[in-house]
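*Asks:* Below are the chains, spelled out letter by letter.
2 protein chains.
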Amino acid sequence: MRTRPLKVALLGCGVVGSEVARIMTTHADDLAARIGAPVELAGVAVRRPDKVREGIDPALITTDATALVKRGDLDVVVEVIGGIEPARTLITTAFEHGASVVSANKALLAQDGAALHAAAEEHGKDLYYEAAVAGAIPLIRPLRESLAGDKVNRVLGIVNGTTNFILDKMDSTGAGYQEALDEATALGYAEADPTADVEGFDAAAKAAILAGIAFHTRVRLDDVHREGMTEVTAADFASAKEMGCTIKLLAICERAEDGASVTARVHPAMIPLSHPLASVRGAYNAVFVESDASGRLMFYGPGAGGSPTASAVLGDLVAVARNRINGTTGPGESAYAALPVSPMGEVVTRYHISLDVADKPGVLAQVATVFAEHGVSIDTVRQQGKDGEASLVVVTHRASDAALGGTVEALRKLDTVRGVASIMRVEGE
Amino acid sequence: MRTRPLKVALLGCGVVGSEVARIMTTHADDLAARIGAPVELAGVAVRRPDKVREGIDPALITTDATALVKRGDLDVVVEVIGGIEPARTLITTAFEHGASVVSANKALLAQDGAALHAAAEEHGKDLYYEAAVAGAIPLIRPLRESLAGDKVNRVLGIVNGTTNFILDKMDSTGAGYQEALDEATALGYAEADPTADVEGFDAAAKAAILAGIAFHTRVRLDDVHREGMTEVTAADFASAKEMGCTIKLLAICERAEDGASVTARVHPAMIPLSHPLASVRGAYNAVFVESDASGRLMFYGPGAGGSPTASAVLGDLVAVARNRINGTTGPGESAYAALPVSPMGEVVTRYHISLDVADKPGVLAQVATVFAEHGVSIDTVRQQGKDGEASLVVVTHRASDAALGGTVEALRKLDTVRGVASIMRVEGE
Ligand SMILES: NC(=O)c1ccc[n+]([C@@H]2O[C@H](COP(=O)([O-])OP(=O)(O)OC[C@H]3O[C@@H](n4cnc5c(N)ncnc54)[C@H](OP(=O)(O)O)[C@@H]3O)[C@@H](O)[C@H]2O)c1
Ligand SMILES: NC(=O)c1ccc[n+]([C@@H]2O[C@H](COP(=O)([O-])OP(=O)(O)OC[C@H]3O[C@@H](n4cnc5c(N)ncnc54)[C@H](OP(=O)(O)O)[C@@H]3O)[C@@H](O)[C@H]2O)c1
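Protein chains in written order, with numbering that gives the first Met the number 0: chain A, 0 to 428; chain B, 0 to 428.
Keep in mind the hints are simulated off the structure, nothing from the lab. C-beta atoms are modelled at their ideal positions from N, C-alpha and C, and glycine is treated no differently. Hints should not be assumed to be uniformly reliable.
[Claimed, not checked] Calculated cross-link-like contacts (lysine-lysine; reagent style DSS-like; alpha-carbon spacing at most 25 Å): (1) B:150 to B:69; (2) A:6 to B:150; (3) B:359 to A:150; (4) A:412 to A:385.
[Stated by the list, open to error] Have a look at the derived ranges for each label pair, beta carbon to beta carbon: (5) A:243 to B:372: 48 to 56 Å; (6) A:2 to B:240: 35 to 43 Å; (7) B:4 to A:280: 28 to 36 Å; (8) B:243 to A:173: 22 to 30 Å; (9) B:272 to A:401: 40 to 48 Å; (10) A:428 to B:173: 23 to 31 Å.
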């Protein structure tokens, strides 16, 4: 073993960073044995220097993150501040001053991954970020390395624990969205401002990262179609149950059937109870990966939390440290395929549509005509009527999002259609 | 991209090898882009040279595997012959002549992993074998790399598809073992001689490999306690159902509670239906990994088959090829922890025991006394009697295998105990 320690700076010492620091201390001997050199915590950048941080030498604490990454003697910088700035500038400055970087920052990677990878490559350094997607679950490394000899066609995942907790609660108790959200907040599963989670921003960032790696193509956050789950109702769950389904907020990255383009999207969807993702409970995450040769793989585990996320950060830290010692770097960005990212309109899937209609003869024929005119083929229709009001539940065969959108627009114009109560995609069949 | 191709020799071109060759041809451009250099199939060693092998240039075929690995210009040797010899000698010869090795050979790795790793290290070459455990499922790489900063405490897995198919069939149809085996054979899920699968040899080899990597300790095949699943009966499934369980053949690698030793074992066990492993159907595999920081992770997918296994082989091939180009090697054997491997007697778990007893007063008291004398605490007892015969089903609290063994031996000596109908461990709670 080499005796000169590898110097690691920690940017951020919050939920994740404090766990990284703790494990670096308590597991120092194991880390040294696995890396082949001891690891030294060389500095910890925070915002509030006076906060008590258990187990961390106060002399290491600094509020000057920039000066820390410019020291020039660092081997690895671990960025667990989050957000775009100052994280972005700190990471590029770290590369410029000779360090490799491990980050858990999905927002930044989804927005500026290409530029950060370019900076890493320019300086011959590593940029690893397993923790940015689905916390502790090994996903980036398996996609990038284990499946490097395969062709990934689809990634279908539950990548946000907060929303899965809420949807699971609604499913199991019949609660409405607000009630389930309140419980998630009370139990610490949802933040005070849950927007990033419930509106799907967090999942969309992860979808962009996953799609990029899976398809060897740059996929940016803007390329990801995003719908939140705040409008999912108890009635939607009842409909799902009738179909033998449940509802999950899914991140879906797909290669088009002709292989010539890809799509990435986040939205709530019905999935059959028999699908392994249907039984992912509480705040757990799980990701399905479908590939040509390997078939269907699933990766399951805690998608967030300080110590699971720290486990992923430390796995990367060991890999980056080994690369340093070997004088090499790991696989960088792989975007050679450069496939076009198609808009949502071209996504093909099935739909479950609930319509409130007038309870009179001929309505079904009218509705069916509209579907036919837009080239959307109907799989099943269920009519329920009472007191002059009726509902019509239509489940379609596979159709493009554009065709479905045109259908719904035309349906809304029918006199006999009082309203479109819900539209939900059906996935995972 | 570098233009001089990497030369790959394929040893074996059967179920797995033929798929490796096929994907190397059909995905040549993708592999080249991902590796950074084209890959050339330089030779294919087989036993029967005259067999038609679609898509493979007959000029590449040879029966002289030894001459092939001695060529001296090979970058990577892919060993998919299987068995101990000639695979072992061919692999070491490959190292001696400058090649790195990718293998799918669990039997060989479990028996001689340490020597092969030493040979790889001596010659500064890579030895990768993701395909040796659970086919396409990325498991070795996540354990070795993603969890390199964590402390794994338990690996609990369904790692043999044949036996999972049989047990799943017994569970869902009420069939007996032989009937389910016959169906597995007819459908091609079981080999003509199913011994390696049903007696747990295959799973034991995988358990040895997994335990070694998870605990950074050498674990050999001989260290793995092994019980097959040929004696699991329809009655056992009925008992399992009454407990809210099903029965799976599990490979279990555990760190002792005091952290000072490890165990590895393969045997059928009851697991609660609520455990994610309980819903692993058909020939699928799944492995649970429990670690200090990351908590519970699960990896699921096809555990065998030509193309899934080839996917794993090719992922390794890409990694090894990249290492070659970078003039480095990946992480080698990590056995620094060198923990003692404890015998089965020290394994602590719960047990479900069915006894045939005389239907007369005092039997339960007698039986309970025997358990107490051996320090095995009883959780529940259920008595069923008819016609002077009765059965007693005892579920214990956690106890060592040695204590349970002593208990059963003493029970057999009781006049009132006619026989021990079954003993099954209860895991995953
Ligand atoms: N939490 C999770 O479960 C989880 C899971 C996966 C990924 N992540 C990602 O991990 C990253 C960190 O998340 P977290 O939950 O640990 O966040 P957090 O608890 O809010 O911690 C942020 C840390 O960054 C420090 N910080 C903020 N601005 C700074 C600045 N300008 N200069 C120096 N330090 C600054 C804070 O200092 P003070 O301590 O002084 O406030 C705090 O220590 C984010 O990218 C997040 O998306 C988190
Ligand atoms: N099949 C699976 O699903 C699976 C899954 C995971 C791991 N594995 C592992 O992968 C390895 C290969 O399995 P497989 O199912 O592909 O086996 P297989 O179908 O029996 O193929 C074995 C190949 O090795 C060749 N061979 C045998 N002896 C040889 C010798 N002395 N010299 C040169 N070639 C020789 C055979 O030649 P001929 O073609 O001329 O007979 C055949 O091509 C084994 O280690 C197995 O445990 C297999």
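*Asks:* Checked against the structure, which of the hints given earlier come out wrong?
*Replies:* 1, 3, 6 and 7
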